[in-house]
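Protein chains: 2
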Amino acid sequence: MSSKSQTTKQRILDAAEELFARDGFSAVTVRQIMKKAGADVALAYYHFESKRDLFDAVLMRRAEVMNDIRHAALDEVEKRHPDDAPSIEEIIAAFTNPLLDLLNNDHDHWRHYLALIAQVNSSPEWGGELMTRFFDPLVRRFIDAIRRAVPNAADEDLYWSYHFLSGALTLTLAETGRIDNLSSGLCRSSDMPSISARLPQFVAAGFERLCAKQ
Amino acid sequence: MSSKSQTTKQRILDAAEELFARDGFSAVTVRQIMKKAGADVALAYYHFESKRDLFDAVLMRRAEVMNDIRHAALDEVEKRHPDDAPSIEEIIAAFTNPLLDLLNNDHDHWRHYLALIAQVNSSPEWGGELMTRFFDPLVRRFIDAIRRAVPNAADEDLYWSYHFLSGALTLTLAETGRIDNLSSGLCRSSDMPSISARLPQFVAAGFERLCAKQ
DNA sequence: GCCGCGATTCAACAAGCGTTGAAGACTAGT
DNA sequence: ACTAGTCTTCAACGCTTGTTGAATCGCGGC
Numbered sequence: 001m002s003s004k005s006q007t008t009k010q011r012i013l014d015a016a017e018e019l020f021a022r023d024g025f026s027a028v029t030v031r032q033i034m035k036k037a038g039a040d041v042a043l044a045y046y047h048f049e050s051k052r053d054l055f056d057a058v059l060m061r062r063a064e065v066m067n068d069i070r071h072a073a074l075d076e077v078e079k080r081h082p083d084d085a086p087s088i089e090e091i092i093a094a095f096t097n098p099l100l101d102l103l104n105n106d107h108d109h110w111r112h113y114l115a116l117i118a119q120v121n122s123s124p125e126w127g128g129e130l131m132t133r134f135f136d137p138l139v140r141r142f143i144d145a146i147r148r149a150v151p152n153a154a155d156e157d158l159y160w161s162y163h164f165l166s167g168a169l170t171l172t173l174a175e176t177g178r179i180d181n182l183s184s185g186l187c188r189s190s191d192m193p194s195i196s197a198r199l200p201q202f203v204a205a206g207f208e209r210l211c212a213k214q
Numbered sequence: 001m002s003s004k005s006q007t008t009k010q011r012i013l014d015a016a017e018e019l020f021a022r023d024g025f026s027a028v029t030v031r032q033i034m035k036k037a038g039a040d041v042a043l044a045y046y047h048f049e050s051k052r053d054l055f056d057a058v059l060m061r062r063a064e065v066m067n068d069i070r071h072a073a074l075d076e077v078e079k080r081h082p083d084d085a086p087s088i089e090e091i092i093a094a095f096t097n098p099l100l101d102l103l104n105n106d107h108d109h110w111r112h113y114l115a116l117i118a119q120v121n122s123s124p125e126w127g128g129e130l131m132t133r134f135f136d137p138l139v140r141r142f143i144d145a146i147r148r149a150v151p152n153a154a155d156e157d158l159y160w161s162y163h164f165l166s167g168a169l170t171l172t173l174a175e176t177g178r179i180d181n182l183s184s185g186l187c188r189s190s191d192m193p194s195i196s197a198r199l200p201q202f203v204a205a206g207f208e209r210l211c212a213k214q
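As you go down the protein sequences, you meet chains A and B in turn.
Each residue of the first sequence is one higher than the one before, counting from 1 in my numbering.
Each residue of the second sequence is one higher than the one before, counting from 1 in my numbering.
Quick caveat, the hints were computed from the structure, so don't treat them as lab data.
Just so it is clear, the structure is predicted and the values come from calculations on it, not from any experiment.
Pairwise CB distance ranges, derived in the manner of DEER restraints:
#1 42(B) <-> 29(A): 25 to 31 Å
#2 32(A) <-> 46(B): 29 to 35 Å
#3 32(A) <-> 42(B): 26 to 32 Å
Beta carbons are placed, not taken as given, at the ideal position from N, Cα and C, and that holds for glycine.
Make the full structure from the sequences, and use the hints.
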């Protein structure tokens with residue numbers, strides 16, 4: 001467990017993350033990854049069991065951190081409201097803004113990772129199972145918080161509302177450049193402050209109309 | 001151009017559509033497609049120039065029909081309101097419900113096709129360019145209709161709102177089974193009536209709050 | 001100086017890939 | 001019966017794929 005090996009393993013993960021995010025699992029070659037990582041092909045199989053295992057490792061690496069910061073954001077919202085219920089918009093902002101902040105502040109690592117998550121989320125092959133395994137506890141807690149803010153909401157409405165939120169957030173994280181083309185450059189996929197100012201408002205209004213209607 | 005060839009070409013397109021939708025472009029083999037279509041491998045290259053060309057043909061085949069029914073739905077909304085402006089929810093329903101109706105009424109063809117579109121939409125490789133080529137005219141007309149319903153809306157808010165709508169709709173069309181898992185079976189990805197009853201409301205509320213504020 | 005051991009390299013494997021050319025079959029018009 | 005043209009089959013090409021086993025490097029402990 002020398003420090004050199006740690007570095008190599010991480011360089012492999014970094015390279016894989018970027019390529020998987022851009023082209024998807026099957027379109028990327030182990031040789032491409034190792035070339036980008038600057039290491040021999042066989043090293044991929046020394047550090048990981050298989051290509052699929054490397055893919056899982058890429059997903060796992062940041063999943064816990066990602067969940068932690070979102071849990072912390074929800075913690076803080078609940079701490080701010082020891083007696084009354086927080087507003088729906090506050091709760092949703094705690095769910096979305098930690099990710100948008102990552103994209104705004106940090107290196108490209110999170111940008112690639114979140115684009116990968118976005119792609120996995122809308123893939124029939126992995127969207128159902130993988131996302132459930134990774135995010136269910138957090139999402140359940142998040143929905144519970146909203147349920148407390150809108151006590152008479154029907155569960156079906158809550159779940160569907162969350163699904164719409166998930167889709168809106170996910171497409172945004174993918175940063176495909178679609179909105180840049182559509183708006184002729186007026187809006188930019190990477191303009192996270194613009195998004196944090198709009199997405200929680202938009203989604204909160206949807207939740208309120210759908211879930212709070214008597 | 002005998003009738004037999006038409007049938008074969010369509011069987012190839014059908015098989016490709018289903019497999020591309022499930023596994024993505026690169027994960028699918030021309031041999032897999034032709035096996036499912038019940039035809040020789042070489043026929044793929046007689047009827048289409050390349051694997052990539054076949055993929056494009058799959059996308060093109062239903063694109064025009066898809067755009068036409070959505071244009072027709074918008075036509076009807078505008079015809080219903082010759083003087084006053086239609087409500088935002090009506091406009092959005094004209095954008096989303098034609099697709100949801102296809103999934104509700106029809107064979108699996110549209111189910112596979114729309115799942116494929118959903119996947120393409122959130123792929124960085126194709127999401128920006130392909131979606132722009134296919135859907136920009138319709139989307140521009142749709143945004144114009146909303147702009148007339150909310151005269152003081154800022155263009156940036158309109159574009160971002162549309163982007164969130166696109167994400168919510170897209171993830172829904174993907175039918176990944178995610179919501180089935182999350183809700184422990186209470187909600188079903190394939191339950192289109194439930195979605196038509198909720199998505200337009202949810203999204204309209206978002207548009208109204210974001211675009212109509214002052 | 002040698003050993004042990006993790007990290008790395010090299011060369012190769014069988015299988016599968018997208019794609020092609022040439023030859024056969026089928027149908028329609030003469 | 002012959003031809004022209006579309007459609008289909010078969011066998012193969014060169015190349016890339018994921019993966020592996022054996023050999024080599026480099027370094028800390030004895």
